[in-house]
Amino acid sequence: DAGVIQSPRHEVTEMGQEVTLRCKPISGHDYLFWYRQTMMRGLELLIYFNNNVPIDDSGMPEDRFSAKMPNASFSTLKIQPSEPRDSAVYFCASSLEGAAEAFFGQGTRLTVV
Amino acid sequence: GDSVTQMEGPVTLSEEAFLTINCTYTATGYPSLFWYVQYPGEGLQLLLKATKADDKGSNKGFEATYRKETTSFHLEKGSVQVSDSAVYFCALTPRGGSARQLTFGSGTQLTVLP
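Protein chains in written order, with my numbering: chain A, 712 to 824; chain B, 3 to 116.
The following block holds chain A by itself, in its conformation from the complex (with noise of 0.2 angstroms):
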C-alpha cells in the first residue's frame, strides 16, 4: 500500500482565500484523523472519522474550519475564510479499528500570509 496521501504538499494562500487539503487513508482502514502541529501547540487531533461518520471535532478551532467524508477512501479539511494563524502542518492519519497504532500521511504545509 502507498500510505496515506496528502495533497498538496505545500500551500501559500492569501489571507480570506478559501483553502482545502486532501487525503487519501490506506485502504481498508476504518479511522481516519486530522492533526495539526505547530511549533507553540504541538500536535493538536482536530477530527476524526470512524467509518466515514465524524465522530469528534471538537479540535475544530472555529466555524471557518470543516472536514468532510464524503466515501473511504477520501477526505477533505477545508479552512474558509484562512487566517494568517491557522499556518501550520496539517497532518490526516489512518487506523484500523481497535488499533492503536496510527499511520500519518506526510502532511501539508499551509502558509496564510
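There may be inaccurate statements among the hints.
[To be verified] One-sided excerpt, in silico: chain B residues whose CB lies under 7 angstroms from chain A:
#, residue
1, Met9
2, Val13
3, Gly31
4, Ser34
5, Glu44
6, Gly45
7, Thr95
8, Ser100
These are computed hints drawn from the structure, not numbers from a lab. A quick note: this is a predicted structure, and the numbers were derived from the prediction, not measured. All residues carry an ideal CB built from backbone N, CA and C; glycine is no exception.
Go by the hints and put chain B onto chain A.
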C-alpha cells in the same frame, strides 16, 4: 485526563553518543505506551511500543521500558547516527484503547552532528 510530559528540546548530540529522551505520563490504570518518530518533511511513524508494565519495546537500536512505579517510558539508544535526527513523540492510549484515544507529548527535537 491523560497526559504525557517529555523532556524539553532541542537535544544535540555527536554521532555515536548515548541518547536518552525522558517521558513520563499521567493516566488511570495501565495505559499502552508508544514512541513515534517524525523525520524531516515526513509524518509521524511508530517507532516502538509497550503494552504492560516492565515490557521493553525496541526497534532500530532504540529501546524503552515501561516503568509503572515511576510512570515513565524513557527512550534510549546506545550510539546515535546522523540519520536519527528527527522529532520524537511519546504517546499513550488507555489499556486496550485505539488510535482515536492517542495522547501525544509535545515532541523532542534531536539533532545528531557528524
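- [ ] Against the structure, test the hints numbered earlier, and report the numbers of the ones violated in rising order.
- [x] Hints 1, 2, 3 not satisfied by this model.
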